[in-house]
Amino acid sequence: MARSLAGFLVLILAISICDAASIFQPISDSHRSAALDLFKPVDGSFASLEETYEALRTFEILGINKKPDVSTATCGTVSKALSSSSSTPKDLFDALRVNSILKCKINAEVFEGIISKLQAAVSGASSLHDFYYSIGSLGLIKDQTSKADLHLSDAEGIFRSIKALSQSDGRWRYSSNNPESSTIAAGVALETLAGVVSLASSEVDQSMIGIVQNDIMKLFDSIEKYDDGAFYFDEKVVNVHEHSGPLSTSSSVVRGLTAFTTVATGSLNLPGDKILGLAKFFLGIGIPGDSKDFFNQIDSLAFLESNRVSIPLILSLPSTVVSLTKKENLMVKVNTVLGSKAPPLTVKLVRAYSTSSKDTSIIENKELSFDPERVVYFLDALPDSVDVGSYIFVFKVVLHDSERKDVYVTGTLTHVQIFLTGHVKIGNAEIAVLDNDLGTIETQRKLDLAGENAVSLSANHLQKLHLSFQLTTPRGSAFKPHQAFLKLRHETKVEHVFLVGNSGKKFEITLDFLGLVEKLFYLSGKYDIQLTVGDAVMENSLLSEIGYVELDLPEAPEKAPRPPPQAVDPYSRYGPKAEISHIFRAPEKRPPKELSFTFLGLILLPFIGFLIGLLRLGVNLKNFPTSSVPATFAILFHVGIAAVLLLYVLFWLKLDLFTTLKTLSFLGVFLMFVGHRILSHLASASSKLKSG
Amino acid sequence: MAKFLLYITLTISLLPFLAISFSPEIPTDRRVLVLLDDFAVKSSHSLFFDSLKSRGFELEFKLADDPNIGLQRYGQYLYDALVLFCPSVERFGGSINVASIADFVDSGHDLIIAADTNASDLIREISTESGVDFDENAAAMVIDHTGYAVSNTDGDHTLIASDDLIKSDVILGSKNIEAPVLFQGIGHSVNPANSLVLQVLAASPSSYSANPQSKLSSPPSLTGSAISLVSVIQARNNARIVVAGSLSMFSNRFFRSGVQKAGSSTKYQKSGNEEFLTELSKWVFHERGHLKALNVRHHKVGESDEPSMYRISDDLDYSVEIYEWSGTSWEPYVTNDVQLQFYMMSPYVLKTLSTDKKGLYSTSFKVPDVYGVFQFKVEYQRLGYTSLSLSKQIPVRPFRHNEYERFLPAAYPYYGASFSMMVGFFIFTVVHLYSK
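If you read the sequences in order, they're chains A and B. Each residue of the first sequence is one higher than the one before, counting from 1 in this note's numbering. Each residue of the second sequence is one higher than the one before, counting from 1001 in this note's numbering.
Please keep in mind that the hints were generated in silico from the structure rather than gathered at the bench. Treat the hints with care, since some could be wrong.
[To be verified] Here are the simulated EDC-like cross-link-like pairs (lysine to aspartate or glutamate), alpha carbons at most 16 Å apart as the crow flies:
hint, chain 1, residue 1, chain 2, residue 2
1, A, 67, A, 29
2, A, 464, A, 442
3, A, 654, B, 1403
4, A, 90, A, 51
5, B, 1351, A, 579
6, B, 1377, A, 579
7, A, 218, A, 205
8, A, 40, B, 1321
9, A, 577, B, 1337
10, B, 1292, B, 1314
11, A, 519, A, 555
12, A, 577, B, 1379
13, A, 446, A, 430
14, A, 66, A, 91
15, B, 1366, A, 579
16, B, 1167, A, 234
17, A, 589, B, 1405
18, A, 654, B, 1025
19, B, 1377, B, 1331
20, A, 326, A, 387
These numbers come from a predicted model, not from an experiment.
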């Protein structure tokens, strides 16, 4: 827990620098606008009376006039809560708290009823919260009804029974059967005790008040501290509840402390720096985003501002960056925590020293002038010896009215880091390529670093690149910037950064390429030269593209290191890819149709010749059988042949081999039969003819 | 019947759980574990948390060293996303450690890491696991002497106003973020070989990462635009990670603060942080840029049934529907760069799909004249979107014996020769047998 707390301020505040304490700004308008954002009523009222009180109280403290009007809806809830018999002391307390701000019209009889109920609750109370709510409610009724005769019957007895819950270290227990002591409870108890004292019919025994004051001192021994001067209380209970962080703990203690010191007569000698530290703690939180935290912060600050022990005054600077060139004045404001005016006082600059050398002061004991119009204290003019740089200014606040010194706490010394910035003169900028052996200048160019440059140089690995420039502060002395880089960027985006060193005013760097070839990965080609000169106090920090140098480096040996991979541009990495379409195989080359048809004609020519030849020979069918049976066989034989030929055509057109062979086998048998008959008939006929 | 009733009851009773948990159908995260160094962060960074809550996330705040924290119970993850706003934690409480966070991301859950100047080794290690490397110099901060935010209180130029944002509508929303983003913290570098990491907010060329208090003795390890201020990682399983080098950039103070970049006369009333981080959180919690593909269909032109195989040189139609999750519903995804590959060892056809603007992407092409087992592949990887990787295997066969071309004109002389021969033979038989 402690470790995480240490990180807490670092997270929320600006990072605290060196030994300079952070500057705490008092509550400003940004808090007011944030309050209106945080406390937003839904349908004219807040979720609960507690929340309503927190919102209204915050608005009241911050003086917000344009607050949302919730009075009509809330007053109804308040009177309902007050008149209801089932209301717990806490409900009554919340309702009365809201009423103290809204001032609703509540019947006097209602109060009468509550008073008796609360009186009974006080006498029967055993736990701290019972006491707190009922006594708090009674106190509120007393304020609201101006009933002077409202008293606690046995104030001292109640005082004692509350005191009985206290622990030796200043913390309190919530009830007698709960052994765990708590810091929040201490705050609650103190507030309750304050209520008891103010409600007591007679003066409470001074010795008892003294004991409680002693408890407060002991409680303050357990206060914890941040590095930046902020003090806070924290709950030491192991089981940390979310709403019992340092903020609510500290705010509870502050509420109890201020309430108690208001009623207690004796003087409480609390160290002023702890009160101031608490104020710093609350201010250091910034603007909480949680309404409860916001209320705790504002409420506690309001209590701190109005308390009787010591009112913290906050020294703040509107700006810690002061330009010497523009002759800006260093301004300091002193306000109370809520940003209201401080009593007449003087702000003294005790000393100022550079962050680098703590021992030599540049300014000592100077009083700041007051500008009543803007309510700021300002340093007229810085002495000429003060140059740009970062300094620690040590301020002291001295109140004019010495009597009020006890009332206000200002802290002893406030350390603030101030940046004095200025325009740094850049001159004599040159870039040159030198020959290695003799150092003779081969090419040299003047540069105007503030303007545009486009130098083009070329060099090989035996040469050197030399760059030099001078930096002078506005006061004429040498200036050493935090950032003086020379960057060489190769075409392949491989970058090399070199620090530019200085000797006195002159900054120079010599790049001996012979020694750098390995570092440059033997990459020849164009290198862009970029010079960056910058510092926190340099108003004209620059990033200058000087030009390029064309390097001719030797070939990389085999074992040379490879340049690291460079980032691929994400936009191109995810772009769509180039389309690919398949290239189909080219179809085989074929003769033109006309040629095929011509050849078809040529092929048919022999057939036509055959037919003509037959006609020329004078063919006849005189041998065709004349009798009917052979003639039938002859016709069938030729029909069969024609059928086989037709089958071939069909095979070509559509039939497959199996159907064709099947049909052919039938046709073959048929042809064999009829062929045998007709051929044997023809044979016998011709043998008859021969023999006959 | 009784069984049926039991199923119905079971389904109905499970519905609320199904509806709120992370699922492929509703990719937006719901339950988010936020680990803090201190509960004060809850209040100081409440604007960021409120914007998450208003979008329906259930945030659970825990201290990072709370001994009772854990990411999973009984093998089930309790959260959909993890927010590490605990830069200084040295050791997590409970069962959380680097390995369990890596497992959490490996199972598809999202992560936001915010480091800061006091970043612990643990946070650095988690970031390294995620693919970014913070500057090893523990005291280093990103400094920019020309691109700093003009401020009355931060004089050392570590408060940077950066406007080098990634140009991606899906990551940062379609609305242009005009005001620069305030940043104060440490820089990191992304590994150039890692294609899953992206710089979302980069530093300016003049920036460098060094300790502002001490003089530089050697060149800083990180300079210029190579310094990443905020990076995002989208893992291969679409888990998303945001790594920011600054916790304060999430804070109310930076959200509300005005910003003026040095050297520029424009003063913005409000920094770009709120818009930038809200949009970025929409992306990281999958409210945007989550794609799904449905109804992959392919068939021959003129047919509607999906064949089991194609023949070479077939003409085919391919279509797929792509939707984008808008945070509440699936909206048609409209773009013009979805590409289909017809792939066997290498893409034979790579074609951009045309869209009907209602989520349907289609194209048609001719199957190449190469047979083998092909794949329809849609590899859709775009900046910021979840990747789509669809593949469907389909064999392609050559022509069957009877599918080749017949009756070629070039063969007509041969046909003519055969048939004239056959007719001649017929005539010859008749003449030979019966002529006297």
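Checked hints:
1. A:67 - A:29: holds, 14 Å
2. A:464 - A:442: Distance of about 10 Å is within 16 Å: holds.
3. A:654 - B:1403: Distance of about 13 Å is within 16 Å: holds.
4. A:90 - A:51: holds, 13 Å
5. B:1351 - A:579: Distance of about 5 Å is within 16 Å: holds.
6. B:1377 - A:579: Cα-Cα ~14 Å, so holds.
7. A:218 - A:205: Distance of about 21 Å is beyond 16 Å: violated.
8. A:40 - B:1321: violated, 46 Å
9. A:577 - B:1337: holds, 9 Å
10. B:1292 - B:1314: violated, 29 Å
11. A:519 - A:555: Judged against 16 Å, a Cα distance of about 14 Å means the pair holds.
12. A:577 - B:1379: It holds: about 11 Å lies between the C-alpha atoms, which stays within 16 Å.
13. A:446 - A:430: It holds: about 5 Å lies between the C-alpha atoms, which stays within 16 Å.
14. A:66 - A:91: violated, 28 Å
15. B:1366 - A:579: holds, 14 Å
16. B:1167 - A:234: violated, 47 Å
17. A:589 - B:1405: holds, 14 Å
18. A:654 - B:1025: violated, 56 Å
19. B:1377 - B:1331: violated, 23 Å
20. A:326 - A:387: holds, 13 Å
The earlier numbered hints that this structure contradicts are 7, 8, 10, 14, 16, 18 and 19.
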